[in-house]
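Q: Starting from the structure of chain X, add chain V where the hints point.
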Amino acid sequence: MNNKLKVLRAMRNWSQAELADRLDVSRQAVNAIETGKYDPSLPLAFKLARLFDMPIEEIFDDGFER
Amino acid sequence: MMASKDRMMVTEPQEPRAPGFVWPAAICFGAIFLAGILAGFSKAAAEAGKATLAPWAGPLIAATLGIAGLFFYFRRHADWFHALSRRRRRYWTALGLAAVIGGIVGVWASFDQPTNRGAIEMAFTGALSAKFAIGASILWVIGLLVSMVIYHRSIDDHEERAWLWAGLAGWYAFIFPAPVWWVLHRAGLAPPADAMLLFLLSMVANAIVYLWLKFR
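Keeping their order, the protein sequence lines are chains X and V. The opening residue of the first sequence carries number 11 in our numbering; numbering runs sequentially from there. The opening residue of the second sequence carries number 3 in our numbering; numbering runs sequentially from there.
Just so you know, nobody snuck in bad clues.
Taking lysine to any residue pairs in the SDA-like style, the calculated list, with each CA pair at most 20 Å apart, reads:
no., chain 1, residue 1, chain 2, residue 2
1, X, LYS16, V, ARG218
2, X, LYS47, V, ILE157
3, X, LYS16, X, PRO65
4, X, LYS47, V, ASP159
5, V, LYS216, X, ALA27
6, X, LYS57, V, ILE157
7, X, LYS14, X, ASP71
8, X, LYS57, X, SER25
9, X, LYS57, V, ARG88
10, V, LYS216, X, THR45
11, X, LYS47, V, ILE210
12, X, LYS16, X, LEU54
13, V, LYS216, X, ASN41
14, X, LYS47, V, GLY169
15, V, LYS216, X, ASP34
16, X, LYS47, V, TYR212
17, X, LYS16, V, LYS216
18, V, LYS216, X, ARG37
19, X, LYS16, X, GLU68
20, V, LYS216, X, SER36
21, X, LYS14, X, GLU75
22, X, LYS57, X, ASP71
Computed beta-carbon distance windows for the label pairs:
no., chain 1, residue 1, chain 2, residue 2, range
23, V, ASP196, X, SER25, 43 to 51 Å
24, X, ASP34, V, PHE178, 31 to 39 Å
25, V, PHE31, X, GLU67, 46 to 54 Å
26, X, ALA20, V, ASP196, 49 to 57 Å
27, X, ALA20, V, PHE134, 52 to 60 Å
28, X, LYS57, V, ILE144, 30 to 38 Å
29, V, ILE152, X, ALA27, 19 to 27 Å
30, V, TRP167, X, LYS57, 17 to 25 Å
In short, the hints are calculated from the structure, not lab data. Ideal Cβ placement from N, Cα and C applies to all residues, glycine included.
The shape of chain X in the complex, shown without the other chains (with noise of 0.2 Å):
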């Protein structure tokens, strides 16, 4: 699953370090999520879309189009 993490992590000019500070996560765990390899669980993209104020699919694309 594609994500815009990375990108949003950027533009608040966070490290991965200090965006897992804020998830309460590894930072193992954000780069696993910004580099596709783990897709996270829905209470993690819930705290994500709050932590970026977006609607999870905003953040997350399945690649799914109608």
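A: Below, chain V alone, put in the same frame as chain X:
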């Protein structure tokens, strides 16, 4: 305004630094090295007909200095630990507890065996006392149970997923070879199945998959 911002940046307190692995590893290796030196000194003294150290003295001195070194090292990083979230504090507490249990079992194992044993004999094949075997088993089961309950309640989703796949890989590394070995043994084609070898295989598969999914 700019100057005041700059001043603020200069006087900003430094972030507490996380402890690394190099110093604790160096302290542990130093303690083991010291125990070896003291054992060598004692052996040389015995050969020269001079007074020797009591067999427990060398390991005790080395262990005391090692524990003191680790204590002072981790005390320097207390601010880092207190600044962590509750989840991360639990996480590192669980890992610390597991490390302490491992350390106690390791030091106790070295106390429990004659000093003239080689590394392989000491770690894998040498006879152990009943006292150590029972004590280490209790420590292993209860200590690990407690630390793993704390640990698995504090890991994040990503690490939990890594462990789920790693656990499955470890399980497969046991259930595929175990019956094969057992059948081959019944046909006289292989020695009896070695539980510890299967355990080791399972652990290696578990560790490889966990490390791959967690750190790649």
